[in-house]
Amino acid sequence: MNERRSVSRVLTKVVANCIRCKAGSSFPEHFVSFTKDISMDGARLIMPKSIEAGSMISVAFELPTSFIPVLIHAEVIWSQSVVVWSDALHSFTDVGVKFVDMQGMDEDKLKEFMDSKTDQAVPSANS
Amino acid sequence: MNPQKTILIIDDDARMRDLLKRQLKSENFVVWESSDGESALRLLGQRKKVHLILLDILMPLASGLDIFDQIKKAFPDIPIIVTSVYSREEQEFLVWDADGYYYKSESLRVLMQEIERVFKAEYSVSKRGGGG
Numbered sequence: 002m003n004e005r006r007s008v009s010r011v012l013t014k015v016v017a018n019c020i021r022c023k024a025g026s027s028f029p030e031h032f033v034s035f036t037k038d039i040s041m042d043g044a045r046l047i048m049p050k051s052i053e054a055g056s057m058i059s060v061a062f063e064l065p066t067s068f069i070p071v072l073i074h075a076e077v078i079w080s081q082s083v084v085v086w087s088d089a090l091h092s093f094t095d096v097g098v099k100f101v102d103m104q105g106m107d108e109d110k111l112k113e114f115m116d117s118k119t120d121q122a123v124p125s126a127n128s
Numbered sequence: 169m170n171p172q173k174t175i176l177i178i179d180d181d182a183r184m185r186d187l188l189k190r191q192l193k194s195e196n197f198v199v200w201e202s203s204d205g206e207s208a209l210r211l212l213g214q215r216k217k218v219h220l221i222l223l224d225i226l227m228p229l230a231s232g233l234d235i236f237d238q239i240k241k242a243f244p245d246i247p248i249i250v251t252s253v254y255s256r257e258e259q260e261f262l263v264w265d266a267d268g269y270y271y272k273s274e275s276l277r278v279l280m281q282e283i284e285r286v287f288k289a290e291y292s293v294s295k296r297g298g299g300g
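First to last, the sequence lines map onto chains A and B. Counting with the working numbering, you get residues 2 to 128 for the letters of the first sequence. Counting with the working numbering, you get residues 169 to 300 for the letters of the second sequence.
Calculated directly from the structure, the hints in this document are not laboratory data. From a predicted model like this one, the values you see are computed outputs, not experimental measurements. Some clues are possibly wrong.
[Said to hold, decoys possible] To give an idea of the interface, some chain A residues facing chain B are shown, with a C-beta separation under 8 Å as derived from the structure:
| no. | residue |
| --- | --- |
| 1 | Phe35 |
| 2 | Pro49 |
| 3 | Pro65 |
[To be verified] Simulated crosslink set (BS3-like; lysine-lysine; CA at most 30 Å straight-line):
| no. | chain 1 | residue 1 | chain 2 | residue 2 |
| --- | --- | --- | --- | --- |
| 4 | B | Lys272 | A | Lys37 |
| 5 | A | Lys50 | A | Lys99 |
| 6 | A | Lys112 | B | Lys240 |
| 7 | B | Lys241 | B | Lys173 |
| 8 | A | Lys112 | A | Lys50 |
| 9 | B | Lys216 | B | Lys240 |
| 10 | A | Lys50 | B | Lys240 |
| 11 | B | Lys217 | B | Lys193 |
| 12 | B | Lys193 | B | Lys240 |
| 13 | B | Lys288 | B | Lys193 |
| 14 | B | Lys272 | A | Lys50 |
| 15 | B | Lys241 | B | Lys288 |
| 16 | B | Lys216 | B | Lys288 |
| 17 | A | Lys112 | A | Lys37 |
| 18 | B | Lys173 | B | Lys216 |
| 19 | B | Lys241 | A | Lys112 |
| 20 | A | Lys37 | B | Lys241 |
| 21 | A | Lys50 | B | Lys241 |
| 22 | B | Lys240 | B | Lys173 |
| 23 | B | Lys240 | A | Lys37 |
| 24 | B | Lys216 | B | Lys272 |
The C-beta atom is built at its ideal place from N, Cα and C for all residues, glycine as well.
Kindly produce the complete structure, drawing on both the sequences and the hints.
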């Protein structure tokens, strides 16, 4: 576990298209979000709607190093609603997700992106 | 009608740039273009006057969302209209501090209206600010 958490995060804002299959609904729900940071293990996402910890989602990251979105299945580990007042009121959800399933090709693309961002890498938030 | 304002197009799609360039030139704008954010930042760094930026938020090399933040930080006085294949509502969520939004499925007339709206807003702010 400690080994996983030692992976560097990259502070970057990329578009992350989320797909969630809600219990009791036969239609998957799609919504757009964006990253605050990303690592090989997970990501911190800003979403336009609330989502409960424990939810499973599929996330297609629009990485600038990849023409095709990188699709990763993830579990919501924590979630907190945030309200920001600038010139208008904005409410959104700050979400931490852990990647649980990634195809080899997607993993390679994510690694390629992470390698291109070494200048924006920071240590894991783990204490 | 336009007093030769300069607009910088940042978009990796050459056909889109060409389409926008032709439309903007026909409206008497001076047009600069960049195919990625890095070269756009270099261009802006040359300190030549740019009155408006049209920024595609999905581009190669660097995230358009990151580029938006970098431009806003380095050149806060230049208004930015964000363009993408995402709906206006989605774009407003992704980049809530943009000055305008253009959904690429909309007609160019919508874009021209958005440009006009942004310039009017800028003019009214500068007038209220009394800077000059």
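A quick look at each hint next to the structure:
no.	hint	in the structure
1	Phe35	holds (6 Å)
2	Pro49	holds (5 Å)
3	Pro65	holds (5 Å)
4	Lys272/B - Lys37/A	holds (25 Å)
5	Lys50/A - Lys99/A	holds (18 Å)
6	Lys112/A - Lys240/B	holds (29 Å)
7	Lys241/B - Lys173/B	holds (22 Å)
8	Lys112/A - Lys50/A	holds (28 Å)
9	Lys216/B - Lys240/B	holds (16 Å)
10	Lys50/A - Lys240/B	holds (26 Å)
11	Lys217/B - Lys193/B	holds (17 Å)
12	Lys193/B - Lys240/B	holds (25 Å)
13	Lys288/B - Lys193/B	holds (19 Å)
14	Lys272/B - Lys50/A	holds (24 Å)
15	Lys241/B - Lys288/B	holds (22 Å)
16	Lys216/B - Lys288/B	holds (22 Å)
17	Lys112/A - Lys37/A	holds (17 Å)
18	Lys173/B - Lys216/B	holds (12 Å)
19	Lys241/B - Lys112/A	holds (28 Å)
20	Lys37/A - Lys241/B	holds (17 Å)
21	Lys50/A - Lys241/B	holds (28 Å)
22	Lys240/B - Lys173/B	holds (19 Å)
23	Lys240/B - Lys37/A	holds (17 Å)
24	Lys216/B - Lys272/B	holds (28 Å)
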